[in-house]
Every structure is written in C-alpha cells, then in structure tokens.
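Chains A and B, in that order, are what the protein sequence lines are.
Going by this note's numbering, 274 is the number at position 274 of the first sequence; the sequence numbering is gapless.
Add 354 to the 1-based position in the second sequence for this note's numbering, that's all there is to it.
By construction, these hints were calculated from the structure, which means they are not laboratory data.
Be a bit skeptical, because a hint or two may be false.
As the list claims (entries may be wrong) - Derived list of chain B stretches under chain A, where covered just means 3 residues or more per stretch with a C-beta under 8 Å from a C-beta of chain A:
1. 362-374
2. 403-411
3. 461-473
Unchecked claim - EDC-like, lysine to aspartate or glutamate: derived pairs with alpha carbons at most 16 Å apart:
4. Lys350/A to Glu470/B
5. Lys93/A to Asp404/B
6. Lys464/B to Asp404/B
7. Lys464/B to Glu97/A
8. Lys427/B to Asp447/B
9. Lys33/A to Asp373/B
10. Lys93/A to Glu470/B
Think of the CB as a built atom: it goes at the ideal place given N, C-alpha and C, for glycine as much as any other residue.
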Amino acid sequence: MTFDLTLAGLITLAAVMTGVACVVMAVTVVGVKVQRGLSERATERRLAPLRPLVIRVASGEDTEDGGALRGLGTATGRSRRDLHDLVVQLLGKVRGEPAEQLVELLREQGALRDAVRRAHSPIVARRVRGLHLIGCCRDVDGLDVAIDALEDRSRRVRSQAVHTVGQVGDPRAARPLLHALRRDGVHLGDAAEALVGMGYGISDALLWALEEGHPRARTVAAHLCGIGGVRAAAPVLVTLLESHDDPTVASAAATALGKIGRPQDAGALAAATLHFFPFQVRHAAIEALGDLGVESAVPVLTRHLSDPRSQVAEAAATSLIAIGPRGRRAVVEHELVPAAGTALALARLKGVLV
Amino acid sequence: MVQTPERRPRVLVADDDPDIRDLVAFKLTQAGFDVTCVGDGLEAWDVFVDSPPDFMVLDVMMPCLSGLDLLVKIREAAQVRIPVLLLSGRSRDADVDAGFAAGADDYMVKPFSPRELVHRVNGILARPLS
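So here's chain A without its partners, still in its complex pose (with noise of 0.2 Å):
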C-alpha cells in the first residue's frame, strides 16, 4: 500500500490529526472533572454522619462526657483519612480550645503515622500535606521526619518543614533550621517566626549561626538575639559589625547591639557610623546608638546632622531626641539643620518635646 504524500494530503492528516488531539483532550478534561466530582460527592457521603460532630467540636460545645469526640472515634479507613483533613481545615480557622480538642483528636487517631507515611512520599505535594498535618499534631515524634524535610529538594517542601519545625516548638530543630537557611526556598521571616516557636532554648543554636553560619542564618539569628535581649551573643555580634563583609548581616548586628543595650558596644557602634561602612549599616548603628541611650554618643550622632544622605541625618536627630535632655539640647542647638528641625516639629506633635 502506498501513501500519496501531496501537500493537500499532509494539509489533511494534519488537520485530522488535529481535530483527533482536541476530542482525545476534551474526553480526558472532562473525565477528570467526572472523576472528581464523584470522588468529591463519595468524601461528603463518607463525613456526612462525622461533620456535623466536628462542627459540635469545632465550636466548642462537645457534651460534657465528650460524646461527639467519641463519636469521631469510631471513624475507620478511609472515612477516618478524610475526618483528618476535615480536622486539619478547620485547624485554620479556629483558635482557643478547641482547637486544642481537634489536635487531640488528630493525636489519639494515630494521624502522626498517616502524616509521617506522606512525608516520605516521593509525591511533592503528599509530602507537604504530610508536614502540614505533623506540624497540626503538634507532636514531637514527628520532629525528626520535619528536620529531615529542612533538606528536602523540593523547595516548597523545605519551606513547609520550616513552619513544621516551628509548629512543634522544639529547639532541637533550631540549628537544623538556622543550617537549611543556605539553601533558597525558605522565608527569613517565617525561619524567625518558627524559631521563635521554640522558646528560650534556642540561644546555642543562635550563637553557632552568628558564628558559622551562612550569611542568611547570621541575620536571622542576630535579630533574635536582639529581640531577646541575649547578652552572650553581643561580642560575636560586635565582629560581625566591624568585619562588615556583608552589610546585610551587620547591619542586623547593629540593631541587635542597640536592643541588648550594652553600654560598652557603643564605641564599636559609633565607628560603624563613619563613611566607609555601607549606608545601610550607618543606618542601623545611628538607630541603634538612639536605642543604646547612652549620652557619650552624642557628639557622633551631632556629627551625622548634617550628613549627606537625608535618612542618616534624620536617624541621628531621632536618635539624639531619644537619648535624653543631653541628645534633645544638641538638636535644638542645631535647629536650623533641616534634619533636626524635622525632628524636632515631630518630637512636639509627639508631646516628647514641648
């Protein structure tokens, strides 16, 4: 047999082909949205009976013996996995009691196995609802699969064991943690967030980040050690200003040296204030000397009045105004400087200055 390749011919066979490839991807389409209604509708047969007892919990109004949570007990197989992301929905969108009620549940229904069994999926997205739930049980047997997931490679994965991590409040995760920051893919601001879910015992762990750490890891651990006001790190912080090698990491030293509050790091601070350190970093000092409080750096952040860049001269004036009648004298002395008059006129809208 043989095939009479024209150009009307291949126009032809073309567009049948064509037409073959949008029936076959119609059928598929709609196959799919067949197939999940249907498996929408057989989940709601499934909770219909459990629902309206997860309400009951969910609002706080379980009978005083805990007749709906025993109810909910009695769910099996596949209805109890889909009573588990019932649970896990509501989570978000409760607070208080019962969702304690609801973690407790999770808890006496072996969730925990469920989650860690879908953490190790090679399913992205099983492995994230697998977090998720380890993160909603709350329960400190599923630490070790989350700080295993710190190094998944997946970034959406990694992201997800870091709000595990801080959902599971222990600081045994901290330095796996502040370790993965080298890696993209996670938020420095929900590192911090999770970090400071595990309580007062992750100050060793900060210490090692400013120390070791990745650049990353270093700012977030400053940061914390000025929010929680930890003395020890102050020296390391100190080294990390003066080193300067990435602006980012000292000028969040600066500030953590301004909230510890020691007056010995005031010299170091106002060093970091002269031109050749990186804007940012002038920046961050200036404030942090205002937040410091101490009288000696007054004569610096005079200085910095009229300095070039319009932010450090107004820093300073702020500074000055919350060091105290010594800063406030030195501002006023300075008044016709447009950075200290702004300063100022905001100081009496404020009441701080009549």
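Given the structure of chain A, go ahead and fit chain B onto it with the hints provided.
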C-alpha cells in the same frame, strides 16, 4: 393569661466557607440566637431587605458582593443601625481600619475563638442603640 415566649435575637451569618457558616451557626444557636445562614453577599442583601435581622456576622471576602460593600450598602439603606461584626482572614491594620471605616461594630480575625465570638455578639447587643 398565655405568656408569649421571649423572642430570640435573629442573626444573619454570611460566609462562603460552609465550615465557618456551620460552625458559627451552631455556636450562636447554642447561645440562644435564631440564626440564618447565606453563602454570598447578594443573598445576604436579599435576606436583609426581606426581613432585617438583629445582628449580622459577615465575611469580608465573599463572591458576588464583598462583606465591605454589603456593609456600606446596608449602612446607606437602613433606617435603624443594625450591628455588624466582620469575620475575616485579613489581619493587617489597614484591613481592620477599612472594616471599621465601612461601619462595622466589631472585627474578628480568623482563626477565631467561637466562644469569644459569642461574647462579642452579646456585648454589642447589650450596648444601647446609637
């Protein structure tokens, strides 16, 4: 003499999330309210026009008509000021400000405590009408 039972305050709950709707309705019913639930802003407006409730719990993000737009419409239309509590996943200061600026009497952020919701509704209803 036949004694008429005390009328239960009517609360309209508008939220496109069925979980929230059911949860709030259940909690408020248990607390002694007569609750009507709807799934979007337009439905809420229809209920409001047909028979104005004593209190409204509105989600901010709803299909058809957002909670904020609905609230503005209600404030423009109603002779009597009906207390409204906004229940929203938006927690930024600007969102809360926008809610109060639109005329809300209270603003709660999700995840929320159902018990606190009942306390707030009772507290607002106990205030003298302005």
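Exercise. Against which earlier hints does the structure fall short, listed by number upward?
Worked result: The structure conflicts with hints 2, 4, 5, 6, 8, 9, although it agrees with all the remaining ones.
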